[in-house]
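Using the sequences provided together with the hints, build the complete structure.
If you're matching positions, the sequence shown starts at 0 in numbering that gives the first Met the number 0 and goes up one per residue.
Everything labelled a hint here was simulated from the structure, so no lab data went into it.
In this text the structure is predicted, and so the values were computed from the model without any measurement.
All C-beta atoms in this analysis are idealised placements derived from N, C-alpha and C, irrespective of residue type, glycine included.
One should not assume that every hint holds.
[What the hints assert, rightly or not] Label-pair restraints from in silico Cβ distances: (1) V147 with A196: 30 to 36 Å; (2) W255 with G54: 39 to 45 Å; (3) P142 with I203: 38 to 44 Å.
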Amino acid sequence: MSDAGVRAPASRSRSASGAAAIDLSKRDLTLDLARVFCVLLVVLIHLLMVGVGAGPDGSIIVSRPLEEQWWFAPVTWAGQIMPLFFVVGGFASLTAWRSLTRRGGTAAGYVRNRVLRLAQPALPLFVFYAVVIGGARLFGVDPALIDVAVVGAASPLWFLAAYTLCQALVPLMAGWHARAPRATLVVLLAGAIAIDALRYSTGITEIGLLNLFFVWLLVQQLGFFYADGWFAARRWYTLVGIAALAYAALVPLTVWGPYADDMLTNLNPPTLPLVALAVAQACILRLLKPALARLMNTHAARAVVFLVGTRLMTIYLWHLPVILLVSGALLLIPGASPEPASPAWWWSRPVMFVLVLAAVFGLSFLVGRWEAPREVGPTPPTPVVAVATVLAFVPPFLVMEFFMDLPTAVIGVVLLSAAILMLGRWRAREAVPAATATGTGRPGSQSAPLSS
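See the structure below:
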């Protein structure tokens with residue numbers, strides 16, 4: 000805690016306002032726009048992938064129209080934008096870490112804050128699945144239908160496992176980046192290649208899970224380079240050449256190599272083609288920055304980015320359950336639900352996009368409060384933060400590996416609740432001296448508000 004916390008309130012207010020102004024002026028709004036674009040594109044893609052219709056006997060059938068199209072695989076070379084999300088996340092993570100260390104913050108404090116931002120919004124979703132699956136079983140709903148719906152709706156939770164791992168290792172990886180940035184990239188790339196080689200040569204898919212570490216940390220490191228200005232220092236034609244080479248590398252990897260030609264299949268476990276996509280997308284992002292900056296100078300764009308950005312995790316986590324619920328509700332309205340993959344169904348997707356976003360926006364007033372960061376106490380000791388991080392990582396990892404079911408949902412509720420309580424409520428170790436010094440006589444009371 001800094002000594003600024005004991006200054007007069009007016010002084011502290013002016014200081015905080017000045018800091019906020021400085022932070023805003025330094026913020027790269029084009030990356031906020033990129034992050035919002037990535038999430039909205041994920042929503043759109045899932046709208047095209049999920050078809051809900053009625054069978055001849057009146058039963059509900061869930062299909063995947065987008066994957067049935069001949070052009071699906073080549074489109075994923077542009078539409079698989081999760082690597083870009085990790086690049087942008089790497090930029091934001093390194094910037095936040097450097098800012099925190101300048102203020103005297105610690106690795107435990109950084110990890111605690113980041114894990115809370117992921118675990119808090121995930122908890123109500125796991126509660127939702129526990130209630131829905133348990134209730135459906137009690138009311139005798141077809142178990143096969145429950146499995147199809149829940150497995151598909153919970154599939155985006157893999158991101159929480161991968162991102163929690165990356166965020167927990169930011170202090171370590173930032174240190175490596177500062178000491179040997181290029182060597183760090185080489186080591187991570189070599190690890191990713193070795194894991195893929197071992198996985199495909201043995202046929203044991205589970206070996207690829209180790210690339211949650213190598214692939215996503217490598218992509219995150221590209222975001223570190225973006226934050227350092229490496230991409231900004233390159234000429235436009237150099238960036239175009241790098242992006243072209245990265246995309247060209249996908250051809251031998253998918254034609255003669257062991258990788259699938261659609262980038263969705265290459266996502267979990269993560270594989271080397273995602274690194275090529277990340278390099279290309281980072282270059283394209285930098286090339287588009289002048290245009291994106293002009294766009295972000297408009298009030299309309301800033302308003303949209305702010306509105307969506309404050310609900311980003313809610314939109315990402317809840318959009319698939321909402322898609323299924325809205326699609327199911329439309330089945331009850333005659334003529335409102337075209338047959339999946341029919342021309343009318345494709346034309347209805349823009350309307351569905353608006354309906355789903357409106358529904359998620361309404362839902363955010365109920366669950367969005369879990370997304371807002373809250374200062375609730377001092378940072379726990381490092382071992383406690385480490386244990387809580389593992390507890391927060393396990394539930395989405397289980398979903399990624401074994402899909403969502405009732406036991407996984409219940410485990411998720413228990414472990415995420417424990418992680419949030421461990422990270423969010425911790426007594427200050429200096430509480431007794433502080434109480435004595437201020438004369439309150441109340442152990443645990445504090446004389447100054449928590450510093451940020």
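Tested hints:
1. Remark: the range hint 30 to 36 Å for V147 to A196 is upheld by a beta-carbon distance near 35 Å.
2. Taking the beta carbon of each, W255 and G54 are about 42 Å apart, inside 39 to 45 Å as hinted.
3. Between P142 and I203 the beta carbon distance is about 30 Å. The supplied range of 38 to 44 Å is therefore violated.
Checked against the numbered hints above, the structure violates only hint 3.
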